[in-house]
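Each residue of the sequence shown is one higher than the last, beginning at 1 in UniProt numbering.
No wet-lab data here; the hints were simulated from the structure. Hints should not be assumed to be uniformly reliable.
In the DSSO-like style, the derived pairs of lysine-lysine whose C-alpha atoms are separated by at most 27 Å in a straight line are [said to hold, decoys possible]:
1. K375 to K332
2. K394 to K384
3. K335 to K367
4. K317 to K151
5. K327 to K317
Cβ pair distances, simulated, as ranges [what the hints assert, rightly or not]:
6. G376 to V73: 31 to 37 Å
7. E374 to M74: 20 to 26 Å
8. K253 to D130: 48 to 54 Å
9. K75 to E101: 19 to 25 Å
Note that the Cβ used here is the ideal one computed from N, Cα and C, for glycine as well.
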Amino acid sequence: MQSSKRTSFEPVNTDPTPHDTKRKRSDSFTPPDENTIVLGKVLECPSVEKHKEGYFCITCRGIAGEWGSILPVMKSERDGKVITIGPTGAIVEGVQLHNEEAIAVLSTVVFLLVKGYLYSHIPGFISIMDRHPKSVAAGELIAEIYQVIQKSARNEAEDAVPNFGRTVELALIDPELKPHDLISKVLSGFVAYKDPEEDKDKIPEFLSESGLDSQSEAMQKPKAKKYGPEGEWDTRRFRTLNESHKPPNGNWKLADGTDMTPAVLGQPDPGKFFILRQDQDDVRRFDIREYPHIWKFDWNDKIHIDSLNKNRQQIFKRTDPSVIDSKPTWTKKEKETLEELIRADLLLGKNKTTLDWDDIRDRLSKKFENVLQEKGVPLAQTNKNIKGEWILPKKTDPKLAHDRLGPATRSASAIRSQASNFRDILELINSYPGKIIADEESQAGAADGCITVTGWKDYDIDFYEAQAKSSPKKKAIRKRRKTSDDKTNKMSKSSSVLDEESRDFDETSTVTSSVDNANAKEFDSNGEKNPEDGATLRER
1 MQSSKRTSFE PVNTDPTPHD TKRKRSDSFT PPDENTIVLG KVLECPSVEK
51 HKEGYFCITC RGIAGEWGSI LPVMKSERDG KVITIGPTGA IVEGVQLHNE
101 EAIAVLSTVV FLLVKGYLYS HIPGFISIMD RHPKSVAAGE LIAEIYQVIQ
151 KSARNEAEDA VPNFGRTVEL ALIDPELKPH DLISKVLSGF VAYKDPEEDK
201 DKIPEFLSES GLDSQSEAMQ KPKAKKYGPE GEWDTRRFRT LNESHKPPNG
251 NWKLADGTDM TPAVLGQPDP GKFFILRQDQ DDVRRFDIRE YPHIWKFDWN
301 DKIHIDSLNK NRQQIFKRTD PSVIDSKPTW TKKEKETLEE LIRADLLLGK
351 NKTTLDWDDI RDRLSKKFEN VLQEKGVPLA QTNKNIKGEW ILPKKTDPKL
401 AHDRLGPATR SASAIRSQAS NFRDILELIN SYPGKIIADE ESQAGAADGC
451 ITVTGWKDYD IDFYEAQAKS SPKKKAIRKR RKTSDDKTNK MSKSSSVLDE
501 ESRDFDETST VTSSVDNANA KEFDSNGEKN PEDGATLRER
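Full structure from sequences and hints, please.
Following this line, the structure appears as C-alpha coordinates:
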(Lines of atoms letter the chains of each structure in order from A and count residues from 1; the text may use other names and numbers.)
(Lines give C-alpha, C1' and ligand atoms only; values in the text may rest on other atoms or scores of the structure.)
Protein backbone atom coordinates (compact mmCIF):
# COMPACT_ATOMS: atom_id res chain seq x y z
CA MET A 1 0.00 0.00 0.00
CA GLN A 2 1.34 3.41 -0.91
CA SER A 3 1.97 6.05 1.69
CA SER A 4 -0.84 8.46 2.56
CA LYS A 5 1.65 11.34 2.97
CA ARG A 6 1.74 11.96 -0.78
CA THR A 7 0.95 15.66 -1.43
CA SER A 8 -0.11 15.38 -5.07
CA PHE A 9 -2.15 12.84 -6.98
CA GLU A 10 0.06 10.41 -8.89
CA PRO A 11 -2.01 7.96 -10.93
CA VAL A 12 -0.65 4.45 -10.84
CA ASN A 13 -2.21 3.31 -14.09
CA THR A 14 -1.09 6.13 -16.39
CA ASP A 15 2.27 6.94 -17.83
CA PRO A 16 3.46 9.70 -18.09
CA THR A 17 2.33 11.61 -14.93
CA PRO A 18 -0.64 14.03 -15.03
CA HIS A 19 1.68 17.04 -15.46
CA ASP A 20 3.00 15.62 -18.75
CA THR A 21 -0.21 14.17 -20.20
CA LYS A 22 -1.18 17.22 -22.21
CA ARG A 23 1.72 16.89 -24.64
CA LYS A 24 0.98 13.18 -25.09
CA ARG A 25 -2.77 13.38 -25.62
CA SER A 26 -4.25 12.64 -29.01
CA ASP A 27 -5.67 15.55 -30.94
CA SER A 28 -9.02 13.74 -31.19
CA PHE A 29 -9.37 13.38 -27.42
CA THR A 30 -11.14 16.12 -25.47
CA PRO A 31 -10.57 16.02 -21.70
CA PRO A 32 -13.87 15.70 -19.80
CA ASP A 33 -15.23 18.39 -17.52
CA GLU A 34 -14.17 18.36 -13.85
CA ASN A 35 -17.81 17.90 -12.90
CA THR A 36 -17.83 14.53 -14.67
CA ILE A 37 -16.69 11.04 -13.76
CA VAL A 38 -16.92 8.09 -16.15
CA LEU A 39 -17.57 4.44 -15.34
CA GLY A 40 -15.64 2.04 -17.57
CA LYS A 41 -12.75 2.40 -19.99
CA VAL A 42 -12.63 5.46 -22.25
CA LEU A 43 -11.33 4.10 -25.54
CA GLU A 44 -10.33 7.55 -26.79
CA CYS A 45 -8.03 8.05 -23.80
CA PRO A 46 -4.36 8.17 -24.84
CA SER A 47 -3.56 5.93 -21.85
CA VAL A 48 -6.29 3.34 -22.47
CA GLU A 49 -3.73 0.55 -22.74
CA LYS A 50 -2.48 1.41 -19.26
CA HIS A 51 -5.91 1.24 -17.64
CA LYS A 52 -6.36 -1.25 -14.80
CA GLU A 53 -9.57 -2.47 -13.27
CA GLY A 54 -10.38 -0.58 -10.09
CA TYR A 55 -7.88 2.24 -10.78
CA PHE A 56 -8.91 5.82 -11.56
CA CYS A 57 -7.40 7.51 -14.63
CA ILE A 58 -6.73 11.21 -14.13
CA THR A 59 -6.53 11.72 -17.90
CA CYS A 60 -10.00 10.54 -18.95
CA ARG A 61 -11.55 10.69 -15.46
CA GLY A 62 -12.72 7.11 -15.87
CA ILE A 63 -12.52 4.05 -13.65
CA ALA A 64 -12.89 0.53 -15.02
CA GLY A 65 -14.65 -2.21 -13.09
CA GLU A 66 -14.31 -5.96 -13.00
CA TRP A 67 -17.73 -6.30 -14.66
CA GLY A 68 -16.70 -4.38 -17.80
CA SER A 69 -18.84 -1.67 -19.33
CA ILE A 70 -22.21 -3.17 -18.31
CA LEU A 71 -23.40 -2.92 -14.72
CA PRO A 72 -24.48 -6.20 -13.13
CA VAL A 73 -28.23 -6.70 -12.75
CA MET A 74 -29.19 -8.69 -9.68
CA LYS A 75 -32.56 -9.98 -8.54
CA SER A 76 -33.72 -10.43 -4.97
CA GLU A 77 -33.78 -13.98 -3.65
CA ARG A 78 -37.02 -13.22 -1.82
CA ASP A 79 -39.36 -11.99 -4.55
CA GLY A 80 -37.24 -12.23 -7.71
CA LYS A 81 -37.49 -8.50 -8.43
CA VAL A 82 -34.54 -6.53 -9.80
CA ILE A 83 -32.71 -4.65 -7.05
CA THR A 84 -32.22 -1.01 -7.99
CA ILE A 85 -31.44 0.43 -4.54
CA GLY A 86 -29.11 -1.20 -2.03
CA PRO A 87 -31.17 -2.93 0.71
CA THR A 88 -31.10 -1.81 4.33
CA GLY A 89 -28.21 -3.32 6.28
CA ALA A 90 -26.28 -4.31 3.16
CA ILE A 91 -22.84 -3.02 2.20
CA VAL A 92 -24.32 -0.98 -0.64
CA GLU A 93 -27.25 0.29 1.42
CA GLY A 94 -29.05 3.13 -0.38
CA VAL A 95 -26.73 3.07 -3.42
CA GLN A 96 -28.38 3.57 -6.83
CA LEU A 97 -27.16 0.34 -8.40
CA HIS A 98 -28.19 1.26 -11.97
CA ASN A 99 -26.68 4.75 -11.89
CA GLU A 100 -23.26 4.70 -13.57
CA GLU A 101 -22.09 7.88 -11.85
CA ALA A 102 -23.08 6.51 -8.42
CA ILE A 103 -21.12 3.29 -9.01
CA ALA A 104 -18.17 5.28 -10.39
CA VAL A 105 -18.12 7.40 -7.21
CA LEU A 106 -18.20 4.26 -5.06
CA SER A 107 -15.32 2.64 -6.96
CA THR A 108 -13.23 5.82 -6.93
CA VAL A 109 -13.66 6.26 -3.17
CA VAL A 110 -12.39 2.71 -2.65
CA PHE A 111 -9.39 3.36 -4.92
CA LEU A 112 -8.43 6.61 -3.17
CA LEU A 113 -8.70 5.17 0.35
CA VAL A 114 -6.86 1.94 -0.41
CA LYS A 115 -4.04 3.74 -2.21
CA GLY A 116 -3.75 6.51 0.39
CA TYR A 117 -4.93 9.50 -1.67
CA LEU A 118 -7.17 12.35 -0.56
CA TYR A 119 -10.52 13.15 -2.15
CA SER A 120 -9.18 16.58 -3.10
CA HIS A 121 -6.48 15.01 -5.27
CA ILE A 122 -9.08 14.60 -8.02
CA PRO A 123 -10.29 18.06 -9.14
CA GLY A 124 -14.05 18.47 -8.75
CA PHE A 125 -14.52 15.06 -7.14
CA ILE A 126 -15.76 16.42 -3.81
CA SER A 127 -18.68 18.19 -5.51
CA ILE A 128 -19.56 14.93 -7.29
CA MET A 129 -19.45 13.10 -3.97
CA ASP A 130 -22.08 15.46 -2.60
CA ARG A 131 -24.53 14.13 -5.19
CA HIS A 132 -24.06 10.52 -4.05
CA PRO A 133 -23.57 10.38 -0.26
CA LYS A 134 -24.71 6.75 -0.08
CA SER A 135 -22.09 5.74 -2.63
CA VAL A 136 -19.41 7.50 -0.59
CA ALA A 137 -20.47 5.69 2.59
CA ALA A 138 -20.52 2.33 0.82
CA GLY A 139 -17.11 2.99 -0.74
CA GLU A 140 -15.57 3.85 2.63
CA LEU A 141 -17.06 0.67 4.12
CA ILE A 142 -15.71 -1.51 1.30
CA ALA A 143 -12.25 0.03 1.75
CA GLU A 144 -12.35 -0.82 5.45
CA ILE A 145 -13.50 -4.36 4.68
CA TYR A 146 -10.64 -4.78 2.22
CA GLN A 147 -8.12 -3.63 4.81
CA VAL A 148 -9.59 -6.01 7.40
CA ILE A 149 -9.23 -8.90 4.95
CA GLN A 150 -5.68 -7.82 4.18
CA LYS A 151 -4.74 -7.82 7.87
CA SER A 152 -6.36 -11.20 8.42
CA ALA A 153 -4.18 -12.70 5.70
CA ARG A 154 -1.14 -11.62 7.78
CA ASN A 155 0.79 -10.95 4.54
CA GLU A 156 1.17 -14.65 3.88
CA ALA A 157 1.56 -15.84 0.33
CA GLU A 158 -0.78 -18.80 0.77
CA ASP A 159 -3.67 -16.49 1.67
CA ALA A 160 -4.32 -14.81 -1.65
CA VAL A 161 -6.12 -11.52 -0.92
CA PRO A 162 -8.38 -10.44 -3.81
CA ASN A 163 -7.78 -7.12 -5.54
CA PHE A 164 -9.79 -4.23 -4.06
CA GLY A 165 -11.56 -3.95 -7.41
CA ARG A 166 -12.68 -7.54 -6.97
CA THR A 167 -13.98 -6.63 -3.50
CA VAL A 168 -16.12 -3.91 -5.08
CA GLU A 169 -17.44 -6.44 -7.58
CA LEU A 170 -18.40 -8.90 -4.82
CA ALA A 171 -20.44 -6.19 -3.11
CA LEU A 172 -22.21 -5.21 -6.35
CA ILE A 173 -23.05 -8.64 -7.75
CA ASP A 174 -24.76 -9.50 -4.45
CA PRO A 175 -26.43 -6.26 -3.26
CA GLU A 176 -27.91 -8.03 -0.22
CA LEU A 177 -24.45 -8.97 1.08
CA LYS A 178 -23.62 -7.64 4.55
CA PRO A 179 -20.14 -6.65 5.79
CA HIS A 180 -19.80 -9.72 7.97
CA ASP A 181 -20.89 -12.00 5.12
CA LEU A 182 -18.40 -10.53 2.65
CA ILE A 183 -15.50 -10.89 5.09
CA SER A 184 -16.51 -14.44 5.94
CA LYS A 185 -16.88 -15.29 2.26
CA VAL A 186 -13.35 -14.14 1.46
CA LEU A 187 -11.74 -15.59 4.58
CA SER A 188 -13.42 -18.95 4.07
CA GLY A 189 -11.73 -19.03 0.68
CA PHE A 190 -8.33 -18.98 2.34
CA VAL A 191 -6.59 -22.32 2.55
CA ALA A 192 -8.06 -24.41 5.37
CA TYR A 193 -6.18 -25.85 8.31
CA LYS A 194 -4.64 -29.28 8.10
CA ASP A 195 -3.96 -31.82 10.81
CA PRO A 196 -0.57 -30.93 12.33
CA GLU A 197 0.03 -34.63 13.01
CA GLU A 198 0.32 -35.20 9.25
CA ASP A 199 2.87 -32.46 8.79
CA LYS A 200 5.33 -33.25 11.59
CA ASP A 201 8.93 -33.68 10.55
CA LYS A 202 10.76 -36.78 11.61
CA ILE A 203 12.64 -36.43 14.88
CA PRO A 204 16.40 -36.42 14.34
CA GLU A 205 18.22 -39.52 15.57
CA PHE A 206 20.43 -37.62 18.00
CA LEU A 207 17.33 -36.25 19.75
CA SER A 208 15.79 -39.70 19.98
CA GLU A 209 18.93 -41.16 21.46
CA SER A 210 19.20 -38.40 24.06
CA GLY A 211 15.68 -38.92 25.29
CA LEU A 212 14.32 -35.56 24.06
CA ASP A 213 11.56 -37.03 21.91
CA SER A 214 8.60 -35.60 23.82
CA GLN A 215 10.16 -32.16 24.15
CA SER A 216 10.99 -31.93 20.47
CA GLU A 217 7.50 -33.03 19.48
CA ALA A 218 5.96 -30.31 21.62
CA MET A 219 8.22 -27.68 20.10
CA GLN A 220 7.57 -28.68 16.50
CA LYS A 221 5.05 -26.76 14.39
CA PRO A 222 3.48 -27.94 11.15
CA LYS A 223 4.96 -26.41 8.05
CA ALA A 224 2.85 -24.99 5.25
CA LYS A 225 3.01 -27.00 2.07
CA LYS A 226 3.92 -25.25 -1.13
CA TYR A 227 2.03 -25.12 -4.40
CA GLY A 228 0.22 -28.24 -5.52
CA PRO A 229 0.13 -29.50 -9.09
CA GLU A 230 -2.67 -27.08 -10.01
CA GLY A 231 -1.17 -24.07 -8.30
CA GLU A 232 -3.47 -24.26 -5.27
CA TRP A 233 -2.29 -24.06 -1.68
CA ASP A 234 -2.84 -27.06 0.55
CA THR A 235 -2.65 -25.49 3.99
CA ARG A 236 -2.74 -22.30 5.98
CA ARG A 237 -0.23 -21.36 8.66
CA PHE A 238 -1.21 -22.84 12.00
CA ARG A 239 -2.19 -20.20 14.54
CA THR A 240 -1.83 -20.78 18.24
CA LEU A 241 -4.81 -20.45 20.55
CA ASN A 242 -3.47 -17.17 21.88
CA GLU A 243 -3.15 -15.68 18.41
CA SER A 244 -6.72 -16.49 17.43
CA HIS A 245 -8.41 -15.91 20.79
CA LYS A 246 -6.78 -13.00 22.62
CA PRO A 247 -8.82 -9.85 21.87
CA PRO A 248 -7.06 -6.52 21.20
CA ASN A 249 -7.79 -3.50 23.35
CA GLY A 250 -10.49 -1.10 22.20
CA ASN A 251 -13.98 0.23 22.82
CA TRP A 252 -15.63 -2.36 20.62
CA LYS A 253 -19.15 -2.78 19.32
CA LEU A 254 -20.65 -5.30 16.94
CA ALA A 255 -20.44 -4.20 13.32
CA ASP A 256 -23.72 -3.26 11.66
CA GLY A 257 -25.46 -6.24 10.12
CA THR A 258 -23.74 -8.84 12.31
CA ASP A 259 -25.40 -12.23 12.02
CA MET A 260 -26.44 -13.15 15.57
CA THR A 261 -28.47 -16.24 14.72
CA PRO A 262 -27.15 -19.49 16.23
CA ALA A 263 -25.43 -22.21 14.24
CA VAL A 264 -27.76 -25.04 13.25
CA LEU A 265 -26.94 -28.73 13.44
CA GLY A 266 -26.31 -30.19 9.99
CA GLN A 267 -26.26 -26.80 8.22
CA PRO A 268 -22.66 -25.70 7.45
CA ASP A 269 -22.19 -21.93 7.66
CA PRO A 270 -18.50 -20.87 7.77
CA GLY A 271 -19.56 -17.29 8.46
CA LYS A 272 -20.46 -18.33 12.01
CA PHE A 273 -16.74 -18.81 12.72
CA PHE A 274 -16.08 -15.06 12.49
CA ILE A 275 -17.52 -12.01 14.27
CA LEU A 276 -16.64 -8.51 13.06
CA ARG A 277 -16.30 -5.75 15.66
CA GLN A 278 -15.82 -2.01 15.22
CA ASP A 279 -14.02 0.41 17.53
CA GLN A 280 -16.44 3.09 18.71
CA ASP A 281 -13.60 5.53 19.36
CA ASP A 282 -12.10 4.97 15.90
CA VAL A 283 -14.76 3.86 13.43
CA ARG A 284 -12.09 3.06 10.85
CA ARG A 285 -10.67 0.32 13.07
CA PHE A 286 -12.09 -3.21 12.90
CA ASP A 287 -11.36 -6.50 14.61
CA ILE A 288 -12.29 -10.04 13.64
CA ARG A 289 -13.00 -12.54 16.40
CA GLU A 290 -12.27 -16.01 15.10
CA TYR A 291 -13.55 -19.23 16.62
CA PRO A 292 -10.43 -21.04 17.88
CA HIS A 293 -11.62 -24.56 17.03
CA ILE A 294 -12.35 -24.34 13.30
CA TRP A 295 -9.90 -27.12 12.65
CA LYS A 296 -11.75 -30.46 12.42
CA PHE A 297 -15.11 -28.79 13.19
CA ASP A 298 -18.02 -31.13 12.50
CA TRP A 299 -21.33 -29.48 11.57
CA ASN A 300 -23.14 -32.75 12.31
CA ASP A 301 -21.82 -32.97 15.88
CA LYS A 302 -24.17 -31.43 18.43
CA ILE A 303 -21.32 -30.89 20.91
CA HIS A 304 -19.39 -28.87 18.30
CA ILE A 305 -22.47 -26.81 17.45
CA ASP A 306 -23.23 -26.06 21.11
CA SER A 307 -19.61 -25.05 21.73
CA LEU A 308 -19.64 -22.68 18.74
CA ASN A 309 -22.93 -21.08 19.81
CA LYS A 310 -21.68 -20.66 23.38
CA ASN A 311 -18.50 -18.98 22.12
CA ARG A 312 -20.51 -16.61 19.91
CA GLN A 313 -22.90 -15.72 22.73
CA GLN A 314 -19.97 -14.94 25.03
CA ILE A 315 -18.47 -12.55 22.46
CA PHE A 316 -21.83 -10.90 21.84
CA LYS A 317 -22.46 -10.43 25.55
CA ARG A 318 -18.97 -9.12 26.34
CA THR A 319 -18.95 -6.76 23.36
CA ASP A 320 -22.44 -5.35 23.82
CA PRO A 321 -24.51 -6.82 26.68
CA SER A 322 -27.61 -4.97 25.49
CA VAL A 323 -27.90 -7.13 22.35
CA ILE A 324 -28.40 -10.29 24.41
CA ASP A 325 -32.00 -10.40 25.55
CA SER A 326 -32.36 -13.18 28.12
CA LYS A 327 -36.16 -12.75 28.10
CA PRO A 328 -37.15 -11.70 24.58
CA THR A 329 -40.55 -10.10 24.31
CA TRP A 330 -43.29 -11.84 22.38
CA THR A 331 -44.59 -10.16 19.26
CA LYS A 332 -48.20 -10.49 18.27
CA LYS A 333 -47.18 -12.58 15.29
CA GLU A 334 -45.18 -14.98 17.46
CA LYS A 335 -48.09 -15.37 19.86
CA GLU A 336 -50.54 -16.09 17.03
CA THR A 337 -48.13 -18.65 15.57
CA LEU A 338 -47.77 -20.34 18.97
CA GLU A 339 -51.56 -20.55 19.28
CA GLU A 340 -51.81 -22.13 15.82
CA LEU A 341 -49.21 -24.77 16.67
CA ILE A 342 -50.90 -25.65 19.97
CA ARG A 343 -54.35 -25.79 18.34
CA ALA A 344 -53.02 -28.11 15.63
CA ASP A 345 -51.62 -30.50 18.26
CA LEU A 346 -54.85 -30.46 20.25
CA LEU A 347 -56.89 -31.26 17.15
CA LEU A 348 -54.63 -34.26 16.56
CA GLY A 349 -55.71 -35.73 19.90
CA LYS A 350 -53.21 -34.28 22.33
CA ASN A 351 -54.17 -32.57 25.57
CA LYS A 352 -52.66 -30.37 28.23
CA THR A 353 -50.42 -33.13 29.56
CA THR A 354 -49.35 -34.74 26.30
CA LEU A 355 -48.31 -31.56 24.50
CA ASP A 356 -44.67 -31.85 23.42
CA TRP A 357 -43.22 -28.44 24.27
CA ASP A 358 -39.80 -29.30 22.86
CA ASP A 359 -41.42 -30.05 19.52
CA ILE A 360 -43.49 -26.85 19.73
CA ARG A 361 -40.30 -24.87 20.42
CA ASP A 362 -38.55 -26.38 17.38
CA ARG A 363 -41.50 -25.75 15.07
CA LEU A 364 -41.91 -22.21 16.36
CA SER A 365 -38.24 -21.49 15.67
CA LYS A 366 -38.53 -22.94 12.18
CA LYS A 367 -41.52 -20.70 11.43
CA PHE A 368 -39.38 -17.60 12.02
CA GLU A 369 -36.15 -18.67 10.30
CA ASN A 370 -34.86 -15.77 8.16
CA VAL A 371 -37.97 -13.75 9.07
CA LEU A 372 -37.34 -10.07 9.83
CA GLN A 373 -39.65 -8.47 12.39
CA GLU A 374 -39.00 -4.77 12.09
CA LYS A 375 -38.82 -2.30 14.91
CA GLY A 376 -42.25 -1.02 15.93
CA VAL A 377 -44.33 -4.14 15.25
CA PRO A 378 -46.98 -4.71 17.97
CA LEU A 379 -46.18 -6.92 20.94
CA ALA A 380 -48.49 -9.53 22.40
CA GLN A 381 -50.14 -8.53 25.66
CA THR A 382 -50.00 -10.92 28.58
CA ASN A 383 -52.65 -11.31 31.28
CA LYS A 384 -52.35 -11.91 35.01
CA ASN A 385 -54.82 -13.98 36.99
CA ILE A 386 -55.16 -12.33 40.40
CA LYS A 387 -57.64 -14.02 42.73
CA GLY A 388 -59.59 -15.44 39.80
CA GLU A 389 -59.74 -12.13 37.93
CA TRP A 390 -57.77 -11.53 34.73
CA ILE A 391 -55.90 -8.23 34.80
CA LEU A 392 -54.59 -6.54 31.65
CA PRO A 393 -51.26 -4.65 31.67
CA LYS A 394 -51.24 -0.87 31.92
CA LYS A 395 -49.33 -0.39 28.66
CA THR A 396 -51.98 -0.86 26.00
CA ASP A 397 -49.93 -0.55 22.81
CA PRO A 398 -46.40 -1.94 23.29
CA LYS A 399 -44.03 -2.06 20.31
CA LEU A 400 -40.89 -4.03 19.46
CA ALA A 401 -37.86 -1.93 20.41
CA HIS A 402 -35.35 -3.36 17.89
CA ASP A 403 -35.35 -5.26 14.62
CA ARG A 404 -35.47 -9.01 15.17
CA LEU A 405 -34.10 -11.31 12.48
CA GLY A 406 -34.85 -14.98 12.88
CA PRO A 407 -36.37 -16.77 15.85
CA ALA A 408 -35.93 -15.55 19.42
CA THR A 409 -33.98 -17.89 21.68
CA ARG A 410 -36.44 -19.49 24.10
CA SER A 411 -36.47 -22.77 26.01
CA ALA A 412 -39.40 -25.18 25.99
CA SER A 413 -40.19 -24.41 29.63
CA ALA A 414 -40.17 -20.67 28.91
CA ILE A 415 -42.66 -21.15 26.08
CA ARG A 416 -44.89 -23.26 28.33
CA SER A 417 -44.74 -20.63 31.05
CA GLN A 418 -45.60 -17.85 28.61
CA ALA A 419 -48.52 -19.84 27.21
CA SER A 420 -50.11 -19.80 30.67
CA ASN A 421 -49.89 -15.98 30.65
CA PHE A 422 -51.95 -15.69 27.46
CA ARG A 423 -55.57 -16.06 28.54
CA ASP A 424 -56.91 -17.26 25.20
CA ILE A 425 -54.16 -19.88 24.82
CA LEU A 426 -54.64 -21.08 28.40
CA GLU A 427 -58.39 -21.43 27.89
CA LEU A 428 -57.73 -23.26 24.62
CA ILE A 429 -55.45 -25.76 26.38
CA ASN A 430 -57.88 -26.28 29.28
CA SER A 431 -60.71 -26.96 26.83
CA TYR A 432 -59.03 -30.25 25.88
CA PRO A 433 -58.93 -32.23 29.17
CA GLY A 434 -57.32 -35.63 29.49
CA LYS A 435 -58.67 -38.84 30.98
CA ILE A 436 -58.57 -39.81 34.64
CA ILE A 437 -55.93 -42.49 35.12
CA ALA A 438 -55.92 -45.56 37.33
CA ASP A 439 -54.88 -45.42 40.98
CA GLU A 440 -51.57 -47.19 40.38
CA GLU A 441 -50.61 -44.55 37.83
CA SER A 442 -51.86 -41.55 39.75
CA GLN A 443 -48.81 -41.24 41.94
CA ALA A 444 -46.44 -41.06 38.97
CA GLY A 445 -48.73 -38.62 37.19
CA ALA A 446 -49.09 -36.38 40.20
CA ALA A 447 -45.30 -36.20 40.46
CA ASP A 448 -45.32 -34.50 37.08
CA GLY A 449 -47.83 -31.95 38.32
CA CYS A 450 -50.47 -33.11 35.86
CA ILE A 451 -52.82 -35.78 37.25
CA THR A 452 -54.65 -36.67 40.47
CA VAL A 453 -56.88 -39.62 41.25
CA THR A 454 -59.86 -37.30 41.31
CA GLY A 455 -59.23 -35.70 37.94
CA TRP A 456 -57.20 -33.00 36.21
CA LYS A 457 -55.94 -29.90 37.93
CA ASP A 458 -55.99 -26.49 36.30
CA TYR A 459 -53.09 -26.14 33.89
CA ASP A 460 -51.60 -22.96 35.32
CA ILE A 461 -51.84 -24.27 38.90
CA ASP A 462 -49.96 -27.42 37.90
CA PHE A 463 -47.17 -25.43 36.39
CA TYR A 464 -46.69 -23.06 39.29
CA GLU A 465 -46.75 -25.94 41.79
CA ALA A 466 -44.00 -27.62 39.82
CA GLN A 467 -42.00 -24.41 39.71
CA ALA A 468 -42.29 -24.01 43.49
CA LYS A 469 -39.80 -26.84 43.94
CA SER A 470 -36.99 -24.78 42.47
CA SER A 471 -37.96 -21.30 43.66
CA PRO A 472 -36.42 -20.19 47.01
CA LYS A 473 -39.17 -17.65 47.50
CA LYS A 474 -41.90 -20.18 46.95
CA LYS A 475 -40.07 -22.66 49.17
CA ALA A 476 -40.27 -20.10 51.99
CA ILE A 477 -43.99 -19.65 51.33
CA ARG A 478 -44.53 -23.39 51.44
CA LYS A 479 -42.54 -23.59 54.68
CA ARG A 480 -44.71 -20.89 56.27
CA ARG A 481 -47.82 -22.70 55.10
CA LYS A 482 -46.50 -25.93 56.60
CA THR A 483 -45.80 -24.18 59.92
CA SER A 484 -49.32 -22.76 59.88
CA ASP A 485 -50.74 -26.22 59.20
CA ASP A 486 -48.72 -27.65 62.11
CA LYS A 487 -50.14 -25.00 64.42
CA THR A 488 -53.64 -25.83 63.22
CA ASN A 489 -53.04 -29.52 63.88
CA LYS A 490 -51.80 -28.74 67.40
CA MET A 491 -54.91 -26.68 68.07
CA SER A 492 -57.05 -29.55 66.80
CA LYS A 493 -55.27 -31.96 69.16
CA SER A 494 -55.77 -29.57 72.09
CA SER A 495 -59.45 -29.35 71.23
CA SER A 496 -59.67 -33.16 71.22
CA VAL A 497 -58.10 -33.32 74.70
CA LEU A 498 -60.61 -30.80 75.98
CA ASP A 499 -63.44 -32.83 74.52
CA GLU A 500 -62.19 -35.97 76.29
CA GLU A 501 -61.89 -34.09 79.60
CA SER A 502 -65.41 -32.78 79.10
CA ARG A 503 -66.71 -36.31 78.56
CA ASP A 504 -64.93 -37.50 81.75
CA PHE A 505 -66.48 -34.63 83.65
CA ASP A 506 -69.94 -35.57 82.42
CA GLU A 507 -69.45 -39.20 83.55
CA THR A 508 -68.29 -38.04 87.00
CA SER A 509 -71.36 -35.84 87.29
CA THR A 510 -73.59 -38.80 86.48
CA VAL A 511 -72.00 -40.95 89.19
CA THR A 512 -72.36 -38.16 91.75
CA SER A 513 -76.01 -37.75 90.85
CA SER A 514 -76.65 -41.47 91.44
CA VAL A 515 -75.02 -41.33 94.86
CA ASP A 516 -77.14 -38.34 95.83
CA ASN A 517 -80.28 -40.23 94.91
CA ALA A 518 -79.21 -43.15 97.08
CA ASN A 519 -78.53 -40.86 100.03
CA ALA A 520 -81.92 -39.35 99.70
CA LYS A 521 -83.53 -42.74 100.34
CA GLU A 522 -81.70 -42.99 103.69
CA PHE A 523 -83.83 -40.29 105.27
CA ASP A 524 -86.94 -41.48 107.05
CA SER A 525 -90.35 -40.25 106.41
CA ASN A 526 -89.92 -37.61 109.13
CA GLY A 527 -86.90 -36.21 107.39
CA GLU A 528 -84.35 -37.68 109.87
CA LYS A 529 -81.29 -39.47 108.68
CA ASN A 530 -80.46 -43.06 109.66
CA PRO A 531 -77.24 -42.94 111.79
CA GLU A 532 -75.93 -46.31 110.70
CA ASP A 533 -76.48 -45.59 107.08
CA GLY A 534 -75.02 -42.16 107.60
CA ALA A 535 -71.88 -43.64 109.19
CA THR A 536 -71.60 -46.08 106.36
CA LEU A 537 -71.84 -43.24 103.88
CA ARG A 538 -69.18 -41.24 105.67
CA GLU A 539 -66.89 -44.22 105.67
CA ARG A 540 -67.50 -44.52 102.02
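State the violated hints by number, sorted upward, taking the hints as numbered earlier in the document. The structure breaks only hint 8.
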